[in-house]
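Student: Sequence:
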Amino acid sequence: MTDASATAPRRPGEPALTALGLSAPAPDPADTSAHSFPGGGRWRTEIPSCEGPEALAVVLKEASRLDVPIHRISQGSGVWMLTDSEITEMVESTGERDIELCLFTGPRGTWDIGGSTRTDSRGAGLRARGHDAVAGCVEDAVRATELGVKCLLVADEGVLWTLHRARAAGIIPADTTLKVSALIGPVNPAAYAVYERLGADSVNVPSDLTLDHLTEIRRVSGAPMDMYIEAPDDLGGYVRMYEVAELIRRGAPLYLKFGLSKSPGIYPYGHHMRELTLATAKERVRRGRLALDLLARHGADGDMAPLGSRLPGDLQRFEISS
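Take this note's numbering: the last position of the sequence shown gets the number 424, and nothing is skipped along the way.
Note that these hints are calculated values from the structure, not bench results. Hints may contain errors.
Using C-beta positions, here's what the derived DEER-type ranges look like [unchecked claim]: (1) E188 / V322: 38 to 44 Å; (2) L392 / A121: 22 to 28 Å; (3) N290 / A270: 36 to 42 Å; (4) A381 / D310: 23 to 29 Å; (5) P171 / I215: 38 to 44 Å; (6) P111 / L409: 20 to 26 Å; (7) R267 / R399: 42 to 48 Å.
Note that the structure is predicted; figures quoted are calculated from it, not measured. Backbone N, C-alpha and C define an ideal beta-carbon position, used for all residues, glycine too.
Model the full assembly from the supplied sequences, consistent with the hints where possible.
Tutor: This is the structure we're talking about:
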């Protein structure tokens, strides 16, 4: 990675456009996020959709080859799609490298028997339908944390609040972090603040939010934000690599998620999708290298949070009544 101190920060194409009389207005300092991660740094990295130990091994090998720093690795199929030995292997592999491992919890509406998610309205979406679905998510959370998983991915507000209460009650470890899925990500500052207060330690926002939307969110919440720099097709397929520096400036503290467009969905994963899953896992790391190279060329690759850092800092919460 290029030494940021050797290159003054600049916008993409700025020197050439300035010479042609086409320069853009200077960034407004009022748009810059005032927040950062505890312990320093304004951005972290995440490799998503890492579906099991074999895909994880591919990601770690490719990250080492391409020198891609990783703070978090996440999985999307769910705790229930992994055996205890698979979870343990993933915990150990990430633990050796001080990388946070995040596993998705339990049932979700799009895999349920309810018909509303298959209508044009996509009613209820990913949310946990009924008591049993919430119970399944809690079961996954307890099982995963007992096996050493420290981060849980959730797609339902009730599940989020329940796991936050479980964390406060000591049912799951107090240092467990809770991450809100991109599949239910908030699209306005009021909703973002609600997720923070329900117990979210990082919140995945949709990749189609504008830069002004990020600034609006940062004026009400300092909770870490997750954002696909390249989104999978089922989340829009957006590619925003050239905006990474500005996304960090506006959205910090920000997890840069290296997804992959033009690839089919792989949830829930099984070995029948092995070749595709391993190939896309490897390519996500390469996409990360491309994004980091862009940051370096623009002199904006400083302020990365230290590797191994995972906690979100002090956040605002709703009071838990006895």
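Student: Look at each hint and say if it fits the structure.
Tutor: Hints, verified against the model:
1. The given range of 38 to 44 Å is respected by E188 and V322, whose C-beta atoms sit roughly 39 Å from each other.
2. One distance hint, 22 to 28 Å for the beta-carbon pair L392 and A121, holds here, with the actual separation near 26 Å.
3. With their beta carbons about 27 Å apart, N290 and A270 fall outside the hinted range of 36 to 42 Å.
4. The supplied range of 23 to 29 Å is met by A381 and D310, whose beta-carbon atoms lie about 26 Å from each other.
5. Remark: the range hint 38 to 44 Å for P171 to I215 is upheld by a beta-carbon distance near 42 Å.
6. For P111 paired with L409, a C-beta distance near 22 Å keeps the hint of 20 to 26 Å intact.
7. The given range of 42 to 48 Å is respected by R267 and R399, whose C-beta atoms sit roughly 46 Å from each other.
Checked against the numbered hints given earlier, this structure breaks only hint 3.
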